[in-house]
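Student: Next come the chains, spelled out residue by residue.
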Amino acid sequence: MSDTDKSRRKFIGASAAAVAGLSIAPGVSLLQTAQARPADQAASSKNRWGLLIDSNKCSSGCDKCVTACFTSNWVKEAHGPTDSQWIRKVDLKSLSNGKSHSLPVMCQHCEHPPCVDVCPTGASFKRADGIVLVDRHICIGCRYCMMACPYKARSFVHHPLTDQNPEVPRGQGTVEACTLCDYRVDRGELPACVDACNQEGNGAMLFGDLNDPSSEIAKRVATENTTQIRADLQLNPGVRYEGI
Amino acid sequence: MIKVGNHRKIWGVAALAVALMFGILSSASADSGKTQASRVPKPHLVGEKGDKCVRPVSYMRRHHMELLMHHRDEVLHKGIRTKQYNITNCIECHASPKNNSVLGSNQNFCQGCHKYVGVKLDCFECHNPKNVKVKDIAFHPLIVPGEKPDAKPSLADTMRKKMTDAGAHQEKSGVVK
Numbered sequence: 000m001s002d003t004d005k006s007r008r009k010f011i012g013a014s015a016a017a018v019a020g021l022s023i024a025p026g027v028s029l030l031q032t033a034q035a036r037p038a039d040q041a042a043s044s045k046n047r048w049g050l051l052i053d054s055n056k057c058s059s060g061c062d063k064c065v066t067a068c069f070t071s072n073w074v075k076e077a078h079g080p081t082d083s084q085w086i087r088k089v090d091l092k093s094l095s096n097g098k099s100h101s102l103p104v105m106c107q108h109c110e111h112p113p114c115v116d117v118c119p120t121g122a123s124f125k126r127a128d129g130i131v132l133v134d135r136h137i138c139i140g141c142r143y144c145m146m147a148c149p150y151k152a153r154s155f156v157h158h159p160l161t162d163q164n165p166e167v168p169r170g171q172g173t174v175e176a177c178t179l180c181d182y183r184v185d186r187g188e189l190p191a192c193v194d195a196c197n198q199e200g201n202g203a204m205l206f207g208d209l210n211d212p213s214s215e216i217a218k219r220v221a222t223e224n225t226t227q228i229r230a231d232l233q234l235n236p237g238v239r240y241e242g243i
Numbered sequence: 000m001i002k003v004g005n006h007r008k009i010w011g012v013a014a015l016a017v018a019l020m021f022g023i024l025s026s027a028s029a030d031s032g033k034t035q036a037s038r039v040p041k042p043h044l045v046g047e048k049g050d051k052c053v054r055p056v057s058y059m060r061r062h063h064m065e066l067l068m069h070h071r072d073e074v075l076h077k078g079i080r081t082k083q084y085n086i087t088n089c090i091e092c093h094a095s096p097k098n099n100s101v102l103g104s105n106q107n108f109c110q111g112c113h114k115y116v117g118v119k120l121d122c123f124e125c126h127n128p129k130n131v132k133v134k135d136i137a138f139h140p141l142i143v144p145g146e147k148p149d150a151k152p153s154l155a156d157t158m159r160k161k162m163t164d165a166g167a168h169q170e171k172s173g174v175v176k
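As given, the protein sequences belong to chains A and B, one line each in that order. Going by numbering that gives the first Met the number 0, the first sequence opens with residue 0, and the numbers climb by one from there. Going by numbering that gives the first Met the number 0, the second sequence opens with residue 0, and the numbers climb by one from there.
FYI, nobody ran anything at the bench for these hints, they're computed from the structure. Warning: the hint list may mix true and false statements.
To be verified - Partial list, computed: chain B residues near chain A (C-beta under 8 angstroms):
| id | residue |
| --- | --- |
| 1 | LYS51 |
| 2 | ARG54 |
| 3 | PRO55 |
| 4 | HIS69 |
| 5 | HIS70 |
| 6 | LEU75 |
| 7 | ILE79 |
| 8 | VAL116 |
| 9 | GLU124 |
| 10 | CYS125 |
| 11 | VAL131 |
Keep in mind the model is a prediction, meaning the values are calculated, not measured. Ideal Cβ positions, reconstructed from N, Cα and C, are used throughout, including at glycine.
Model the full assembly from the supplied sequences, consistent with the hints where possible.
Tutor: Structure below.
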């Protein structure tokens, strides 16, 4: 790479960082808000909702996104290791130099989701705007999707549930995963994890429309080095990472 | 002999038919006279707010499941979240004032009628049968807002601890699982 190229890269990186700095004010960010869709209008394939997670801004001690997810979706079982896990924090450490990373991992909302491919009943499906969901009315609890998912994103509900969030019906014998808080996104709000991360002042999670070139997330994906986990599988996940 | 026998049979059948007709007519008139004092107890349902349902009552009795079935697909697959045929909208009006739920006893709206007609009701294995306002409760009652993480480890903390206690191992790639 020539010196000119290097300096150009630095410039692009610096300007993008400046834009990011401006947009993520402490607490709230105006640029991140999704546009509210009228209640009678269907989700459109013009949108592709996605997340950009900056591992550099994510500290290993913080689990506000996980707590917020469980709180908002009223996931509260405490039976043991088989409890539902919609989002988890993963700590990575380099053995060579001890550098550690931390990042949240949830359903990656793939463009070509393997869980949808394998589902025998059509319960696992992708919404027009890219959100991958389970239709628990049709799910028979075979757990094939859990085996197919390379991200270990899905959980099976083993125990009877009560007192669910009215907006998040969940029940025994079905598979579930991160819904990207579809009920909040449809209202024009941010997913609970992103909201919590912003309120904490970390701003490590950015939610937006990957199809809209003017959106903050699309701009950053276009200008910065972002990574998809297991990009080799060519699933084109909607969740992207930075700094890993 | 055979002919006589046949005639007898025909007369016999005709007499039976006439008797049956009278029987049906008389029982029908008797039924219409004592509908209120039927031997089968009618369900006594509580929990109906407002003047009218989203459709006429006679239609809802036969077709409410179709409306719900159609709407669930609209919500989940298309993201169309109109309120009219939403199950939470049903619960809002039909929850019993006693326990704020559509289930609980045979007087509660959904359970009472489904018990009466003997049809299994499985909506509420996943859906919350109570009339809960999400906006009123920003946090789940089990999770105390503003609780310091030092005071009590969060669910994620305990989960992580469980995993590490179970035997953390490092792969060659440096991934701590």
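Student: Does each hint fit the structure? Answer for all of them.
Tutor: Hints, one by one, checked against the model:
no. : hint   : result
1   : LYS51  : violated, 22 angstroms
2   : ARG54  : violated, 18 angstroms
3   : PRO55  : violated, 23 angstroms
4   : HIS69  : violated, 12 angstroms
5   : HIS70  : violated, 11 angstroms
6   : LEU75  : holds, 5 angstroms
7   : ILE79  : holds, 5 angstroms
8   : VAL116 : violated, 21 angstroms
9   : GLU124 : holds, 5 angstroms
10  : CYS125 : holds, 3 angstroms
11  : VAL131 : holds, 5 angstroms
Violated hints, listed in ascending order, are 1, 2, 3, 4, 5, 8; each of the other numbered hints is respected by the structure.
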